[in-house]
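Asker: Take a look at the letters that make up each chain.
There are 2 protein chains.
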Amino acid sequence: MSEIKKLHLTAFMRPVSLHSGAWRYPGSYPDANFNLAHLKTFITKLEAAKFDAFFMADHLAVLNMPVEALKRSHTVTSFEPFTLLSALSVVTDKIGLAATASTTYDEPYHVARRFASLDHLSGGRAAWNIVTTANPDSAKNFGLDEHVEHGDRYKRAREFYDVVTGLWDSFADDAFVRDRESGVYFDPDKMHVLNHKGDDLKVRGPLNIARPVQGWPVIVQAGQSEPGRQLAGETAEVVFCSPKDLAGAKELYRDIKARTVAAGRNPQHIKILPAALIVVGDTVEEAKGKRLELDTYVHYDTAIASLSVSLGADASQFDPDGPLPTDLPETNASKSSRLGVAKLAADEGLTVRQLAQRYGGYAGLAFVGTPATIADEMAIWLAEEGADGFTVTFPFLPQGLDDVTQKLVPELQRRGLFRDDYGGTTLREHLGLPRPTNRFFE
Amino acid sequence: MSEIKKLHLTAFMRPVSLHSGAWRYPGSYPDANFNLAHLKTFITKLEAAKFDAFFMADHLAVLNMPVEALKRSHTVTSFEPFTLLSALSVVTDKIGLAATASTTYDEPYHVARRFASLDHLSGGRAAWNIVTTANPDSAKNFGLDEHVEHGDRYKRAREFYDVVTGLWDSFADDAFVRDRESGVYFDPDKMHVLNHKGDDLKVRGPLNIARPVQGWPVIVQAGQSEPGRQLAGETAEVVFCSPKDLAGAKELYRDIKARTVAAGRNPQHIKILPAALIVVGDTVEEAKGKRLELDTYVHYDTAIASLSVSLGADASQFDPDGPLPTDLPETNASKSSRLGVAKLAADEGLTVRQLAQRYGGYAGLAFVGTPATIADEMAIWLAEEGADGFTVTFPFLPQGLDDVTQKLVPELQRRGLFRDDYGGTTLREHLGLPRPTNRFFE
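Here the protein sequences line up with chains A and B, keeping their order.
Per this note's numbering, the first sequence starts with residue 15, numbered consecutively.
Per this note's numbering, the second sequence starts with residue 15, numbered consecutively.
Source of the hints: derived by calculation from the structure; they are not laboratory data.
Some hints here could point you the wrong way.
Which copy is meant is left open, so a pair is good if it fits within one copy or across any two.
Stated by the list, open to error - Derived BS3-like pairs (lysine-lysine); straight-line CA-CA distance at most 30 Å:
#	residue 1	residue 2
1	K59	K20
2	K264	K216
3	K211	K169
4	K169	K19
5	K204	K64
6	K211	K421
7	K169	K216
8	K211	K264
Using the sequences plus the hints, can you model the full thing?
Answerer: Shown next, in the form of structure tokens:
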């Protein structure tokens, strides 16, 4: 009896939501950034719905937008991921805990140690989202005037990964004998001193922590650039990506799986999970209405700037409540971007204001519909190899999360597209990933 | 009615104990380094006993002793402090959570952020133990061949403190207005951009986190060197120190309080808490017997090396089961150290083996006796201004902790020397420390 292929679902979280207008949505928790009680509720519901992981997005700077937009933003301040996920590990048993950590602005010894500690605390549920930190404002918080150049960041990231995984392998799984009689706490023959000396990093080791429960915490990678795809193929076990549509997703899926094979790895051991905003309604119209309402909470002044960028034209000159003009001035902006805006305006009959608020709110891939229509779409993405599952973002919290966990997930379960219960206790088990062998010990 | 002065008590923890033989003591939990369940039990008991704080000691390297000693050590591997304390914050409500973080091998933006996050998660219970990381092996895990020189470490530490506290003050306490109607999430006039440019550090800010619940997490400092004492006088709110006896403690107490006053601070706002091993018995003899038994679990080969250092002579030549020879060869070792060993041997009638195991186990200040005799001693230290309380280390766990919380603490409470219950919810309230004003906002 062949088993139906199943989706993997992770929740990509900012405490208030990633949508820039979400904190003003009726029933939202604007104070969730520093209110642990709300986060406990969210993760408990996600675990009850059998999500693979709770994934904490992160930034390393506040000043990444003009002050007029900044003052309206709920996403630039919140709990730090390691401390938050460690706290949340105690109120959950099964759901994975993915933290973002930068290879550009941190030390591999610290990063290896914190993930190993989180993995031990949580009984094998940690994942490391490797980021090279694209935001140039971050550099200024870490002693630099200029951001580290893209190629250099990826080169260091690759070496950083080697060092961190090498540090996780510092001790054999059976190194800690703790033999009261002989007084030997661990076998020094089962301890490896890394002695790494590379172009960017020099780290002796060993790590001052036993090998993680999962061997290595799960490796997540989000880059879509050429070096990002290559890094994913060589190292990632989960890819968090942002294709615009199924065609783009299939191209990315094929490319990253091919790079994985080329790197000598099993393509089953890398899960491609496109980011998707999910808005669930009892009817398609209701879902669309929720999204339109949500977008109205995006401030027009900041929204119009986003639209202007996408159009390559000053959209503040247009009538906000009229349709998008068809006679846009010639510019050297990307034609495909401009065509995309025009298509969206036509498809959904949006005014300039609504278009702007869409681009200022959340412009990425979205599934907006009933549990049945969304399940249909997801099944197609899974069957056509555009995705192994999705990195879910919620339009607003808590209601948008409840809509997914209480309405969409049961529909996916009925169709056999999502697990009815966890089959194991570690994140690797949820994702069907093998436990890595220790490179220094059998 | 004048109130009796009370002791402050913090628990200085390694998961298995700081005593090097403790993991072999009957009933111990040798696996506690990576077993959260044990740590949850410990902190729950400490909170029930109304301890001020749970204080997680830390290291940044494994290779800090010869391999023959290393393989017997349970103290070089364990949970990382931030992840552990964040997890423990969820199972407690009142007890403070003190983490060690290095100013030499970390970035102020990360350190400020993690402590602020822990303070928010825990409702105002975080404390930062500022260390400059004395262990030269740590340097090798962070890209350096040589350890950073002592004076340079303290210079950077002082600047690091200024940056971290400045980052904590990034937002006024009332900056986050979250006004749904106007769409303003925070008032940018209540955000301060630090723009720090100093000799060792350059950090723009602001921190991407609201001001901590306590304003600043409590500042703990452990140095006893000249620059360490000065740093404490200028910055510390709790001093963790290691005087050998009451006379030494009084000198240190006077000196640090004087430096505090000289720095323009209120001497009531710095609490001097000497480290003390506490061994409780129903009789003094029973307590001494527990300690002697504990010392027998220290391996002789490693113990004798510690004794040789203290004597400035090769103690492995002596009869292990005889008394300390009186005709020690002349050396240029410290006379006071040698006299201290001879006095200990005479006072307690210890053999060479027992002496060695004492020095290899835990050679610092210890209170060994009944609840009544220990309370007597503590009362004297408090009255004579040798201490404002103690940084308690347990000889073995869990029994040594139970002895303190179930036997000593009730005795101290009966005498009015220790609180019967917490008077507030934040660590600052437990310690009687004011909430710092924001240097940039009223």
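Asker: It remains to establish, for every hint, whether it holds in the given structure.
Answerer: Outcome of the hint check:
1. K59 x K20: within (20 Å within a copy, 45 Å between copies)
2. K264 x K216: Classified as neither; 39 Å inside a copy, 44 Å across copies.
3. K211 x K169: both (14 Å within a copy, 29 Å between copies)
4. K169 x K19: neither (35 Å within a copy, 59 Å between copies)
5. K204 x K64: For K204 and K64, neither the intra-copy (37 Å) nor the inter-copy (41 Å) Cα distance is at most 30 Å.
6. K211 x K421: neither (52 Å within a copy, 53 Å between copies)
7. K169 x K216: So K169 and K216 pass the 30 Å test inside a copy (14 Å) and across (25 Å) alike.
8. K211 x K264: This pair counts as neither: shortest intra-copy Cα distance 39 Å, inter-copy 48 Å.
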